[in-house]
Amino acid sequence: MNGRWNFSLKRFWAIAVKEFIQMRRDRLTFGIMVGIPLLQLVFFGYAINSDPKHLPAAIVLADNGPQGRTLLYAIENSGYFEFVREIRTEAEARRALARGQVQFIVNIPENFSRDLLRGQTPAILVEADATDPAATSNAIGALRTVINSALEKDIKGPVDYLAADAPPVELRVHALYNPEAITQYNIVPGLMGVVLTMTMIVITGLAITRESERGTMENLLSMPTRPLEVMIGKIVPYILVGYVQVGLILLAAKLLFEVPMAGSLALLLAVTLVFVAANLAVGLTFSTIAENQLQAVQMSFFFFLPSLLLSGFMFPFRGMPDWAQILGEALPLTHFLRIVRGILLKGNGLADIAPEIWPMALFTAVALAIGVKRFHRTLD
Amino acid sequence: MTNQETPTISMHAESADGGDAFAIDVRDMTKRFGERTAVDHVSLKVRAGEICGFLGPNGSGKTTFIRMLCGLLRADEGSGKCLGYDVIEESEEIKLRVGYMTQRFSFWEDLSIEENLDFVARMYALPNRREIVRQSLDRLGLTSRKDQVAGELSGGWKQRLALAACLIHRPQLMLLDEPTAGVDPKARREFWEEIHRLAAEGMTFLIATHYMDEAERCHRLAFISYGKLLTEGTVEDVIAEARLTTWVVDGPELPKLAEQLRNRAGVEQAVAFGNELHVSGSDEPALEAAIAPYRKEPYRWRRVEPGLEDVFIHLMNRSEDNFS
Ligand SMILES: Nc1ncnc2c1ncn2[C@@H]1O[C@H](COP(=O)(O)OP(=O)(O)O)[C@@H](O)[C@H]1O
Ligand SMILES: [Mg+2]
Numbered sequence: 001m002n003g004r005w006n007f008s009l010k011r012f013w014a015i016a017v018k019e020f021i022q023m024r025r026d027r028l029t030f031g032i033m034v035g036i037p038l039l040q041l042v043f044f045g046y047a048i049n050s051d052p053k054h055l056p057a058a059i060v061l062a063d064n065g066p067q068g069r070t071l072l073y074a075i076e077n078s079g080y081f082e083f084v085r086e087i088r089t090e091a092e093a094r095r096a097l098a099r100g101q102v103q104f105i106v107n108i109p110e111n112f113s114r115d116l117l118r119g120q121t122p123a124i125l126v127e128a129d130a131t132d133p134a135a136t137s138n139a140i141g142a143l144r145t146v147i148n149s150a151l152e153k154d155i156k157g158p159v160d161y162l163a164a165d166a167p168p169v170e171l172r173v174h175a176l177y178n179p180e181a182i183t184q185y186n187i188v189p190g191l192m193g194v195v196l197t198m199t200m201i202v203i204t205g206l207a208i209t210r211e212s213e214r215g216t217m218e219n220l221l222s223m224p225t226r227p228l229e230v231m232i233g234k235i236v237p238y239i240l241v242g243y244v245q246v247g248l249i250l251l252a253a254k255l256l257f258e259v260p261m262a263g264s265l266a267l268l269l270a271v272t273l274v275f276v277a278a279n280l281a282v283g284l285t286f287s288t289i290a291e292n293q294l295q296a297v298q299m300s301f302f303f304f305l306p307s308l309l310l311s312g313f314m315f316p317f318r319g320m321p322d323w324a325q326i327l328g329e330a331l332p333l334t335h336f337l338r339i340v341r342g343i344l345l346k347g348n349g350l351a352d353i354a355p356e357i358w359p360m361a362l363f364t365a366v367a368l369a370i371g372v373k374r375f376h377r378t379l380d
Numbered sequence: 001m002t003n004q005e006t007p008t009i010s011m012h013a014e015s016a017d018g019g020d021a022f023a024i025d026v027r028d029m030t031k032r033f034g035e036r037t038a039v040d041h042v043s044l045k046v047r048a049g050e051i052c053g054f055l056g057p058n059g060s061g062k063t064t065f066i067r068m069l070c071g072l073l074r075a076d077e078g079s080g081k082c083l084g085y086d087v088i089e090e091s092e093e094i095k096l097r098v099g100y101m102t103q104r105f106s107f108w109e110d111l112s113i114e115e116n117l118d119f120v121a122r123m124y125a126l127p128n129r130r131e132i133v134r135q136s137l138d139r140l141g142l143t144s145r146k147d148q149v150a151g152e153l154s155g156g157w158k159q160r161l162a163l164a165a166c167l168i169h170r171p172q173l174m175l176l177d178e179p180t181a182g183v184d185p186k187a188r189r190e191f192w193e194e195i196h197r198l199a200a201e202g203m204t205f206l207i208a209t210h211y212m213d214e215a216e217r218c219h220r221l222a223f224i225s226y227g228k229l230l231t232e233g234t235v236e237d238v239i240a241e242a243r244l245t246t247w248v249v250d251g252p253e254l255p256k257l258a259e260q261l262r263n264r265a266g267v268e269q270a271v272a273f274g275n276e277l278h279v280s281g282s283d284e285p286a287l288e289a290a291i292a293p294y295r296k297e298p299y300r301w302r303r304v305e306p307g308l309e310d311v312f313i314h315l316m317n318r319s320e321d322n323f324s
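Taken in order, these protein sequences are the chains called V and X. The numbering of the first sequence is this note's numbering, which starts it at 1 and goes up by one. The numbering of the second sequence is this note's numbering, which starts it at 1 and goes up by one.
It cannot be assumed that every hint is accurate.
Said to hold, decoys possible - Chain X residues, not near chain V, derived (Cβ > 10 Å throughout): (1) Ala21; (2) Phe22; (3) Glu77; (4) Glu152; (5) Ala187; (6) Arg220; (7) Thr234; (8) Asn317.
Said to hold, decoys possible - Just so you have them, the derived chain X footprint on chain V, three or more residues with Cβ under 8 Å: (9) 206-216; (10) 219-233.
Hints in this document: simulated from the structure, not taken from any laboratory. Note that CB positions come from ideal geometry on N, CA and C, so glycine has one too.
Throw the hints in and build the complete structure from the sequences for me.
Written out as structure tokens, the structure reads:
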């Protein structure tokens, strides 16, 4: 017998008690252990909805008969669409779609009502931003039913005969940007943001806590140095790491998944800098708050979870209730996802993505300011 | 950029204003942590080129005091100068000219010896960095190990590295916090020889220590307990000021004898030193009266000059009484 399987209740209990005491001392860890399940409950339970409704749509209405209006009314009534603006020109509509201001454009052509009544089967064109197939598929599916039943009443009576045969209206759907609804086209560019968020925050989260935990902070502070030097000095090496990751993912996207790259890669790489900086700033700020490396990792996770769930990476952004969308708008990943997908899939240029850049820059500035303020120049 | 010229050891006279030659001259330095006053109105003067031993039991506030001197902790009260710069307001200037060796090894264990030295040299923006690092490796005999990772070094070698790194910017003042803890006697002796060599060149030292033999190697001593400065001066001053009388006794069953003596009025301490007992008190006649009944066979008594250790135990006991 080598005693490996001997068991003393007293010793077991001694260890369990010690573990409980240590757990209780580490308030932050305890808080996060309770907080993470709560967050998940709230997000999964209330925020996430894989059947997004009230998607913003634009109308290009060239018809002035009553049937066009009836149709639009019915479409909106389905609950999937919300007409947020009426647009005159097709070019303007395309721009709104590229910038993500609307998810659909519904075109009712000239003489729609007349052609309908004449039984000439007019066509309505619905253009959809299909970068995220999950966000649009249900809405598109509902469209045909809605149209048919809406016009049923209108074409009763004198034009009763129309309802008998083929559908009175031809519905053409253009799924733009990702016509074959390939999920990878949406996920792979998004992964770039997710991977960067995870690694950048964790790595820098450890950067300062490591110094305090190992006692080297005392040494660092005894030398002539200023907080900004320490912060930036610690950030820059990881920016390079971030770019290596971006390079790898882009390469894989191109070679393995054949993700289209419609826009300028140089623009994408430039904007990535803002996003990486935002995450590094969060990590650094965490590391001035956390007392040890474990806490830093836990805090990173605490930030990573909402980023993953509320940014539109895993679930359609527009499917979430307002409060979750507001939270999501504050997260850098949300904006970066729109930028990456916009540049790669839609071929967006700087003017199109500008509205997504400044929120990330603002976020970085705030996080860095908190970090520099929290960074103690003494051991007090 | 701050101060690009190489600070040389002989610079102390020029930076100390008005030519006063105190490297440290602070008054009423006080630090509180919540309810507890870790350092309580401590005033200290150390002349340039002096080695000042900073003694006191664990938790007496040595580390806290040293940290306040180099701007690592904000003092709650106090004023004065360190190397001629205001100890509260000008800690950036002081940091440039002070070498602080922490109590716990605080260099980067995942960097090699050379990389550590190189990093420190960069932090002080030293011109001629490579040459300075090379010389520093040479001087402390680290050249053959320069590529070894600091975390793998033994206590003695870590201490050498720490000393070399703290000296690399040629500070005028060295603050050493228990530098020889965990270092073998030979390495300790070499360390002290190096300290004396540097002091002879004009460098000033404040060295926190627990070791009496090290205290005796200092030019001056300051003794702190419960945050208060109890005594200060040369070794002789400190011993004389304590006005202690010490008798040494040897014989059988000394622990029992010590027990009995401690209960007698006039005996303040009875401490075993090897096969002897040091019996001390500050009232000479009372002490002699107390030991009189035991001055017979099998005990042999002789009166000695009290040593530093007798004095420190005495001071420590007294401060405990004051404290409670
Ligand atoms: N950061 C701190 N927070 C709270 N108390 C502290 C802190 N640093 C030191 N102390 C307390 O101050 C007293 C003096 O400590 P210290 O200066 O480390 O003593 P020494 O170096 O002489 O052993 C001790 O009682 C210690 O517990
Ligand atoms: Mg100490």
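Verification of the supplied hints:
{"no.": "1", "hint": "Ala21", "result": "holds (24 Å)"}
{"no.": "2", "hint": "Phe22", "result": "holds (21 Å)"}
{"no.": "3", "hint": "Glu77", "result": "holds (15 Å)"}
{"no.": "4", "hint": "Glu152", "result": "holds (15 Å)"}
{"no.": "5", "hint": "Ala187", "result": "holds (21 Å)"}
{"no.": "6", "hint": "Arg220", "result": "holds (24 Å)"}
{"no.": "7", "hint": "Thr234", "result": "holds (29 Å)"}
{"no.": "8", "hint": "Asn317", "result": "holds (32 Å)"}
{"no.": "9", "hint": "206-216", "result": "holds (count 3)"}
{"no.": "10", "hint": "219-233", "result": "holds (count 6)"}
Consistency with the previously given hints is maintained throughout, with no hint failing.
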